[in-house]
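There are 2 protein chains.
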Amino acid sequence: MRQIKIAVLGLGTVGQGVARLLRDNQATLAAKAGCEIALGRALEKFLTKKLDVELAAGALTNRWEEIRQDPEIAVVVETIGGVEPARTYVLQALQAGKSVVTANKDLLAACGQELFQAARAAGRDLYFEASVGAAIPIIGPLRQCLVASRLTEVMGIVNGTTNYILTRMEEEGLPFGEILSEARDLGFTEADPAADLEGHDAARKIAILATLAFHSQVAFADVYAEGIEKITGEDIRLARSLGYKIKLLAICRADGESIEARVHPALLPLEHPLARVGGTYNAIFARGPELGETMFYGVGTGQMPSAQAILSDVATVARNILQGCQGRLNSVAGRILPIKAMAEVETRFFLRLSLEDKPGALSQVAEILGKRGVSVARVIQSGLGAGQAEVVLVTHKTLEGRMRQATAEIGELPVTKKVAALFRVEE
Amino acid sequence: MRQIKIAVLGLGTVGQGVARLLRDNQATLAAKAGCEIALGRALEKFLTKKLDVELAAGALTNRWEEIRQDPEIAVVVETIGGVEPARTYVLQALQAGKSVVTANKDLLAACGQELFQAARAAGRDLYFEASVGAAIPIIGPLRQCLVASRLTEVMGIVNGTTNYILTRMEEEGLPFGEILSEARDLGFTEADPAADLEGHDAARKIAILATLAFHSQVAFADVYAEGIEKITGEDIRLARSLGYKIKLLAICRADGESIEARVHPALLPLEHPLARVGGTYNAIFARGPELGETMFYGVGTGQMPSAQAILSDVATVARNILQGCQGRLNSVAGRILPIKAMAEVETRFFLRLSLEDKPGALSQVAEILGKRGVSVARVIQSGLGAGQAEVVLVTHKTLEGRMRQATAEIGELPVTKKVAALFRVEE
Chain B
1 MRQIKIAVLG LGTVGQGVAR LLRDNQATLA AKAGCEIALG RALEKFLTKK
51 LDVELAAGAL TNRWEEIRQD PEIAVVVETI GGVEPARTYV LQALQAGKSV
101 VTANKDLLAA CGQELFQAAR AAGRDLYFEA SVGAAIPIIG PLRQCLVASR
151 LTEVMGIVNG TTNYILTRME EEGLPFGEIL SEARDLGFTE ADPAADLEGH
201 DAARKIAILA TLAFHSQVAF ADVYAEGIEK ITGEDIRLAR SLGYKIKLLA
251 ICRADGESIE ARVHPALLPL EHPLARVGGT YNAIFARGPE LGETMFYGVG
301 TGQMPSAQAI LSDVATVARN ILQGCQGRLN SVAGRILPIK AMAEVETRFF
351 LRLSLEDKPG ALSQVAEILG KRGVSVARVI QSGLGAGQAE VVLVTHKTLE
401 GRMRQATAEI GELPVTKKVA ALFRVEE
Chain V
428 MRQIKIAVLG LGTVGQGVAR LLRDNQATLA AKAGCEIALG RALEKFLTKK
478 LDVELAAGAL TNRWEEIRQD PEIAVVVETI GGVEPARTYV LQALQAGKSV
528 VTANKDLLAA CGQELFQAAR AAGRDLYFEA SVGAAIPIIG PLRQCLVASR
578 LTEVMGIVNG TTNYILTRME EEGLPFGEIL SEARDLGFTE ADPAADLEGH
628 DAARKIAILA TLAFHSQVAF ADVYAEGIEK ITGEDIRLAR SLGYKIKLLA
678 ICRADGESIE ARVHPALLPL EHPLARVGGT YNAIFARGPE LGETMFYGVG
728 TGQMPSAQAI LSDVATVARN ILQGCQGRLN SVAGRILPIK AMAEVETRFF
778 LRLSLEDKPG ALSQVAEILG KRGVSVARVI QSGLGAGQAE VVLVTHKTLE
828 GRMRQATAEI GELPVTKKVA ALFRVEE
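Just so you know, the sequences run in chain order B and V. Number 312 in this note's numbering belongs to position 312 of the first sequence; there are no gaps in the numbering. Just so we're on the same page, this note's numbering is the position in the second sequence counted from 1, plus 427.
Chain B on its own, in the form it takes in the complex (with noise of 0.2 Å):
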């Protein structure tokens, strides 16, 4: 039986846990691939550094040359993550004429294009299953088993640290804060936490998405990103009570012309099967004319979860090398359509103000919501006392240049003490 060897970049936990899921799986996945994968060389800057798995004499090193250099090694798996010096190694490995496979969705989502040329250009492999959704696959099925379907949308929640603390805030009534704090102290959040609750970590992965389900080119700086810092526990209360959850989502939709790509906290009809999914759970759902409504659940990232997706990726590289056909499933985006800007997106929205309690209040709130076109679905009034009225408006779909201006508007009356929360809702 054939051996290929393969290179790993990178031995933190999931890079590790490739190595590790190599020594286990050795004989059911050579079975599988029709070859015996071994672990040739690994890169490591500290090369004195503490592993859970061992190596075989000679195959540590903290020199990338050494391993570019290589020519036994016939696929460079880059564990690494962010841009640098990831994206330099992967491009040199393609030239190579190594095939690469990835988990990386900060390099994807900031280089992607860069790299699928690469690959193209070099006529190698460009694997990137383990970089959205580790344990759900998710890229391979919109790369080939759902290549014929005219996709309109993909919607997901694709952050597990958000939707964790989201759960929680909802299950428990915790506040925001103290959710986070714990969860740091777990160990659950990244140490800078940031990516996650601002939304950019889900922003890359809908480019990523965005790109396959398109088949259009779509990068990260074209994502609008909101986080979930604004999200109240009385705002999970009041959509709760209108009959929905509120869920970090990270949407694209396409309508043959223009592509819409955007994360942000929105309101989510309970009965939507994304509204299910609790938790540090992930789930990407997807939509199209001949699909209907698709979904793919499970867990979003850890070791193992991204070992496997990164170790079968590297069994179907390991068969195309057999195959002679490295480089079979490099046309990922065939054009570049424009993306929609933020304020020609149509959706619905809930608005919660604070009005002074008089008469007439609401109708000069409703007279502005009127007067820019915004038709308004559902209001629910109740008087907080203090001459104080909290009132929460849901509109039927309208354009989010139009709501932003009538709200921009509605907090400029004497009447509104406060624009409390503005929020999407999807369906």
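The hints are simulated quantities; they were obtained by calculation from the structure and are not laboratory data.
Restraint-style ranges between C-beta atoms, simulated for each label pair: (1) Gly-123(B) x Gly-719(V): 35 to 41 Å; (2) Ser-758(V) x Ala-59(B): 26 to 32 Å; (3) Lys-476(V) x Glu-344(B): 43 to 49 Å; (4) Glu-182(B) x Gly-508(V): 51 to 57 Å; (5) Asp-479(V) x Glu-427(B): 29 to 35 Å.
Ideal Cβ positions, reconstructed from N, Cα and C, are used throughout, including at glycine.
Given chain B, work out where chain V should sit, using these hints.
Leaving out everything else, chain V in the frame of chain B:
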């Protein structure tokens, strides 16, 4: 741009769907596949059949030989259904050097190994994404994206008709027969719904999934199948009061030494992701040490869901043709693990009994269970009046053989009026 010609065998609903989607989605599909895909020929027994889609002049034939001998046809799409003549056509197509895409679960579950071997021998592709969960990509993920995962269990709701019936029984409290005849009138069911109701359709699908998940040959004949006809409204109500739904589950498990493959009604905890899959929707749930729990959800059947799965497969085959690597994915089942006898399968049970309302009746039941080593987790007893008591027991995990024996003995007790129901409980 190179053109690849396909032939569709059988212009039923799905076959015509393939022709229509190919017509409507030609440009995008070509961009993604890297070549134009054209419908060269179509086989249909009745040449005068009224079609929803226009075919090119001369494309339609009722003679398989014409297609078999047509050197321009590179891919055969089989949508005839059933075992023969589909089996012969598929084998002959492969021998003639054509790759095959099929939606035919009956054929794959009956003769899968013969077909896989023929494809390997011919060096051609055999793809079948549409055979299970039409709009749910599950074959591709099991063959590629999850190949490095050591799966221990795949469990699914893979038959829409039975799930629809059970959902309505639960939600509306209607009896089985009434929903079935209504569904029949509405054309929701097959002309002969026996394959659905008796679990045979689901058994075919789980045979295919088990073969891929465990890389071991599992055929329809290996799968134990029980249908939904024994389920009463009373069972559904009692299960619900204990925190369960009743679903028709298709289950396969592997422990490295043997495989379980079975289809039967089962109680599933309300919080299990599959418990929420209602109506005609399907879902497939997978477990493994690396994955944790992953679920795929969507429409399981229908013209366009099937057509998009078939054409996605065709695009993959087209790419393989362009790259000269047909047959690259043909290691489907490398071994034959033994199938575990049902008596050796370990699950929990739900047992519903009518007993004479006499002191000591329940203790006689408990004594038999204890003697057979079956441990009871919960008991609910209610008097029905007229000297009769209704008892529901939920056991801990036990061997099915023990439970069957105990139940037979309980059935023969003088105090037992009726063994009203015995269902497995999954988790």
